[in-house]
Amino acid sequence: MLYTWATGKGAPLLKRNVFWIGLALLLAWAGCSRDKPDEKPAKPQGPYASLAARLPAGSDLVLLADLHRMAQGISDLQQDLLGLPAVKNNPALQRQLEGQLSLVRVLTAGLGKELGLDPMRDLERAALGVTLPDGADPGLVLAVEGSFPDDLFGRLGGSPVEEKPAGHQVWRVGDGLQGVVLEKRTLLVADRAHLQPALDASANEAGKKLVAAHPRLFSADAPEFKLRVSLVVPGWLRKRLAGVRDFPLTSTLAGVDDVLVEVADGFALSAGCKDARVAENMRALLEAESRMMTGTQHLLRGAAWWLLVMDLDALPEIPGEAGELVASVLEDREALLATLEQVLPAPKAPPPVMMQGRRVTLKAGPEALQGNLLLVGMAAAVAVPAFIEYYRKADRARDEEQEP
Amino acid sequence: MRSRTILSVAAVCVCLGWYMPLRAEEPGGFAPLLARLPPDSHLVLLVSPAQAKRTWDGIFARLEKSPLFAKHPELGMLLAQQRGMMTAGLAELEEKMGFSPLDDLERVAVGMVLADAGPPAMVAVATGRFPDGLARKLGRSEPQTIGGQEVYALDEQMMCAVHDGVLLVASGDRTAAALAPAKASKLLDRFAGLDAPGGDDFLLRLRFALPPWMNELARSEDARWVRTLLGSLEQVSLEVDRNLTIVMTCKDAAGAGRAELFLRGFKEMMLGGAYMWRAYALLLLGFDLGTMPGLPPPVQKALSDREALAKTLDLFFPEPTEKPVLDRSELKVSLTASPQMIQGSLFVTGILSAVAIPAFISYIRKSKRAADEMQMHSIQQALAAYRVETGRYPTTEEGLDELVEKRFLQKMPADVYGNPYRYESSGPEHFALRALGQDGKPGGDGPDSDREIRR
Numbered sequence: 001m002l003y004t005w006a007t008g009k010g011a012p013l014l015k016r017n018v019f020w021i022g023l024a025l026l027l028a029w030a031g032c033s034r035d036k037p038d039e040k041p042a043k044p045q046g047p048y049a050s051l052a053a054r055l056p057a058g059s060d061l062v063l064l065a066d067l068h069r070m071a072q073g074i075s076d077l078q079q080d081l082l083g084l085p086a087v088k089n090n091p092a093l094q095r096q097l098e099g100q101l102s103l104v105r106v107l108t109a110g111l112g113k114e115l116g117l118d119p120m121r122d123l124e125r126a127a128l129g130v131t132l133p134d135g136a137d138p139g140l141v142l143a144v145e146g147s148f149p150d151d152l153f154g155r156l157g158g159s160p161v162e163e164k165p166a167g168h169q170v171w172r173v174g175d176g177l178q179g180v181v182l183e184k185r186t187l188l189v190a191d192r193a194h195l196q197p198a199l200d201a202s203a204n205e206a207g208k209k210l211v212a213a214h215p216r217l218f219s220a221d222a223p224e225f226k227l228r229v230s231l232v233v234p235g236w237l238r239k240r241l242a243g244v245r246d247f248p249l250t251s252t253l254a255g256v257d258d259v260l261v262e263v264a265d266g267f268a269l270s271a272g273c274k275d276a277r278v279a280e281n282m283r284a285l286l287e288a289e290s291r292m293m294t295g296t297q298h299l300l301r302g303a304a305w306w307l308l309v310m311d312l313d314a315l316p317e318i319p320g321e322a323g324e325l326v327a328s329v330l331e332d333r334e335a336l337l338a339t340l341e342q343v344l345p346a347p348k349a350p351p352p353v354m355m356q357g358r359r360v361t362l363k364a365g366p367e368a369l370q371g372n373l374l375l376v377g378m379a380a381a382v383a384v385p386a387f388i389e390y391y392r393k394a395d396r397a398r399d400e401e402q403e404p
Numbered sequence: 001m002r003s004r005t006i007l008s009v010a011a012v013c014v015c016l017g018w019y020m021p022l023r024a025e026e027p028g029g030f031a032p033l034l035a036r037l038p039p040d041s042h043l044v045l046l047v048s049p050a051q052a053k054r055t056w057d058g059i060f061a062r063l064e065k066s067p068l069f070a071k072h073p074e075l076g077m078l079l080a081q082q083r084g085m086m087t088a089g090l091a092e093l094e095e096k097m098g099f100s101p102l103d104d105l106e107r108v109a110v111g112m113v114l115a116d117a118g119p120p121a122m123v124a125v126a127t128g129r130f131p132d133g134l135a136r137k138l139g140r141s142e143p144q145t146i147g148g149q150e151v152y153a154l155d156e157q158m159m160c161a162v163h164d165g166v167l168l169v170a171s172g173d174r175t176a177a178a179l180a181p182a183k184a185s186k187l188l189d190r191f192a193g194l195d196a197p198g199g200d201d202f203l204l205r206l207r208f209a210l211p212p213w214m215n216e217l218a219r220s221e222d223a224r225w226v227r228t229l230l231g232s233l234e235q236v237s238l239e240v241d242r243n244l245t246i247v248m249t250c251k252d253a254a255g256a257g258r259a260e261l262f263l264r265g266f267k268e269m270m271l272g273g274a275y276m277w278r279a280y281a282l283l284l285l286g287f288d289l290g291t292m293p294g295l296p297p298p299v300q301k302a303l304s305d306r307e308a309l310a311k312t313l314d315l316f317f318p319e320p321t322e323k324p325v326l327d328r329s330e331l332k333v334s335l336t337a338s339p340q341m342i343q344g345s346l347f348v349t350g351i352l353s354a355v356a357i358p359a360f361i362s363y364i365r366k367s368k369r370a371a372d373e374m375q376m377h378s379i380q381q382a383l384a385a386y387r388v389e390t391g392r393y394p395t396t397e398e399g400l401d402e403l404v405e406k407r408f409l410q411k412m413p414a415d416v417y418g419n420p421y422r423y424e425s426s427g428p429e430h431f432a433l434r435a436l437g438q439d440g441k442p443g444g445d446g447p448d449s450d451r452e453i454r455r
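Chains A and B, in that order, are what the protein sequence lines are. Just so you know, my numbering puts 145 at position 145 of the first sequence, and the rest follows in order with no gaps. Just so you know, my numbering puts 15 at position 15 of the second sequence, and the rest follows in order with no gaps.
Honestly, the hints are just simulated from the structure, not real lab data. Errors might be hidden in some of the hints.
Simulated restraints on C-beta separations [unchecked claim]: (1) A:Pro-366 x B:Glu-322: 19 to 29 Å; (2) A:Asp-76 x B:Asp-445: 49 to 59 Å; (3) A:Gly-365 x B:Lys-332: 28 to 38 Å; (4) B:Pro-420 x A:Lys-88: 57 to 67 Å; (5) B:Asp-252 x A:Gly-323: 20 to 30 Å; (6) A:Gly-365 x B:Phe-60: 32 to 42 Å; (7) A:Asp-76 x B:Thr-245: 42 to 52 Å; (8) B:Trp-225 x A:Ala-92: 19 to 29 Å; (9) B:Leu-315 x A:Trp-236: 36 to 46 Å; (10) A:Asp-76 x B:Asp-189: 58 to 68 Å.
From the three backbone atoms N, C-alpha and C, an ideal C-beta is built for every residue, glycine too.
Please put together the full structure from these sequences, using the hints given.
Here it is in structure tokens:
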């Protein structure tokens, strides 16, 4: 009826134009608001594209690192160290630290001369791809961009391999690993099976497959990251985890599709889950992690204040210049307090945990990192060996049950 | 007009006069108990068991009303079972003594005099409903008479009596004074606010005045790490009612500065602990415990109810929001924390008692053992020197006295527990030197274990 009204015989030109323009706008709006159709896997874009193309197409774990930014971070850390009140107010300590730092620079320069590579300047970006097959050794390709001498691996003690694929000199660099420097710009380290495809980056489809398997790895969010790690949990591992019935957590872990860890100024951990229940469990776990990080920060601060209750000058005397230096630092309690406040600031609130569909993300600021590192360290030291031991026992028990 | 003013003032005075003594007795009526404590007590503890029971009951009542228990009444049975197991020990005591500490005790006060050497002297007094003959049931001896009262010995050091409705347990030498209450003014002079009204939810009040010998310890080599605080600390008080309040009073500004750092640390520890409890609660949710096989069906069903579980956990382990408040005025530093933070402090106390205290005790034991070994080594050297000079070791009869007599040792040594070393010789070339440990008897484990050197 509207159509007839607008375009019917005798309808004025204005009316007809309004109808068609209106319809076009309506369709345009509808098109914009519609969900974008699933895009076919594209090649990775951005600075890591050329490196990603060299990784194994079926990488379960991929790591991207901005080595330049990391080197800058180390250099900033050195400056931060010199700016700490306990250092700034203590010329002797400042001189000592500056001396140590320049010694490190001299050593690095010496090493650089020997290797023909300055790690603080010549390394740009790195990508690591690891395949985790069931019952076989992992496959690995490490690709680094930067500025390298052709004979770097020789300088590092590698031995040359006779075969020269595509005219490249290949070096044995370790247990089953081989290394190549391509046109002084790219360094490759890979196991034998993956070296050839890595060399032939332009011909393989690894980049596209990686984007499909690890879609968030090349996302433009937080482009200034230092480190990004994406793990797509292999199906065989999930199946095996799901088989462990009487250990809490395994049912949740078996439902995790992928994990993305990103370190920029702060830290982000995100997990994609197979269903809503797993996502809910994951949210609770990450919220627990967030509270543990905050709690650990408070506990560390508490321990630091309790340390200051003590008469630190009653430490057993350290002989020589070092002893005098330590004594001078401990004497200036005000600077020590200000330093602790700077190094261990009071956490404002627990890092937030967000949930979008079946993806759960924990985002923490830089100050929460130390608490997190401590927790990860503790987990690695206690929980992981405990789980492995449990898993072995479960395996043994299963084998014994199956024996006739 | 003037007479009316006078009458009004008089009326106010009369009211105040009536009210003040009442207030003075109000810390739950602890005044009669305070009068029995040693006036030179270094540590005074007031406890309200009635409030402890109310708190205990309150926790169970909150749990029963929580969404998890309200939605899953079958859990109530399990809770009642658990509660029954917890109180079974008390029920046994009640059956034996005709007395339940949780139901029948009203107020408890403890005073301790800490001596530089030797065990502390203690008086503990309590009001409540005590059955006839309770002291006799508790005692392990025939009655004795002290100050005209019948008292019973609990062991070699402690006596027990019920006098004027007050149950009394005291060190032998303090029993007579505790049976004849005097005014507590000396005690109240030393511990300001000890008799302050406690309020309805008063649970515990502790005052600790460091004895001078403890301050003097600050000068010793062993305590050099904490000399500023220990040498300056005058009094520590702790009060638990609705909140937890800790006050540290020092003699000088340097000490108060350290006390402030200590309480700042404690504040952070409490916050950290509260966050850790919250984290554990969230872990319970994340672990999805309802899916674990082997759980009793009602528990499994309840744990699978995520909404109710989350709400219940929120109720007991909420997001820490109320930070403890630290305050310093001159030489006094105080920290006040909400109940949620008390939970956090329990976490810290738990860690301390699980890790730090055993580590400290083990350190003390090891250092005692090391000191003992060093001392035994020096006796062994003296024995060797004696043998070089005389061609033999002292006989069993001569013993270690021979070493002192002949000036190989300056004085007769004793082990770190004050027990003499045992020396035996089975010939001119042989001896055995023994330290018998804390118990002074052969054999035993831990601190009671023996050490021996033989030649």
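Take the C-beta atom of B:Leu-315 and the C-beta atom of A:Trp-236, compute their distance, and say whether it sits inside 36 to 46 Å.
-> With Cβ atoms ~42 Å apart, the hint holds.
Given a hinted range of 19 to 29 Å, is it respected by the beta-carbon distance of A:Pro-366 and B:Glu-322?
-> Given about 27 Å between the Cβ atoms, the range holds.
A:Asp-76 versus B:Asp-189 beta-carbon gap, inside 58 to 68 Å or not | The hinted range 58 to 68 Å holds for A:Asp-76 and B:Asp-189, with Cβ atoms some 60 Å apart.
When you take the CB atoms of A:Gly-365 and B:Lys-332, is the distance between them in 28 to 38 Å?
-> holds (36 Å)
B:Pro-420 and A:Lys-88, beta-carbon distance inside 57 to 67 Å?
-> holds (60 Å)
Range hint compliance [Cβ, B:Asp-252 to A:Gly-323, 20 to 30 Å] | This hint holds: roughly 28 Å between Cβ atoms.
Using the Cβ atoms, figure out if B:Trp-225 sits within 19 to 29 Å of A:Ala-92.
-> holds (25 Å)
Do the beta carbons of A:Gly-365 and B:Phe-60 sit within 32 to 42 Å of each other?
-> holds (41 Å)
Note whether the CB distance of A:Asp-76 and B:Asp-445 lies within 49 to 59 Å or breaks it.
-> Cβ of A:Asp-76 to Cβ of B:Asp-445: about 56 Å, so the range 49 to 59 Å holds.
Beta-carbon spacing of A:Asp-76 to B:Thr-245 - inside the hinted bounds 42 to 52 Å or not = About 44 Å separates the Cβ atoms of A:Asp-76 and B:Thr-245, which means 42 to 52 Å holds.
Checked against the numbered hints above, the structure violates none of them.
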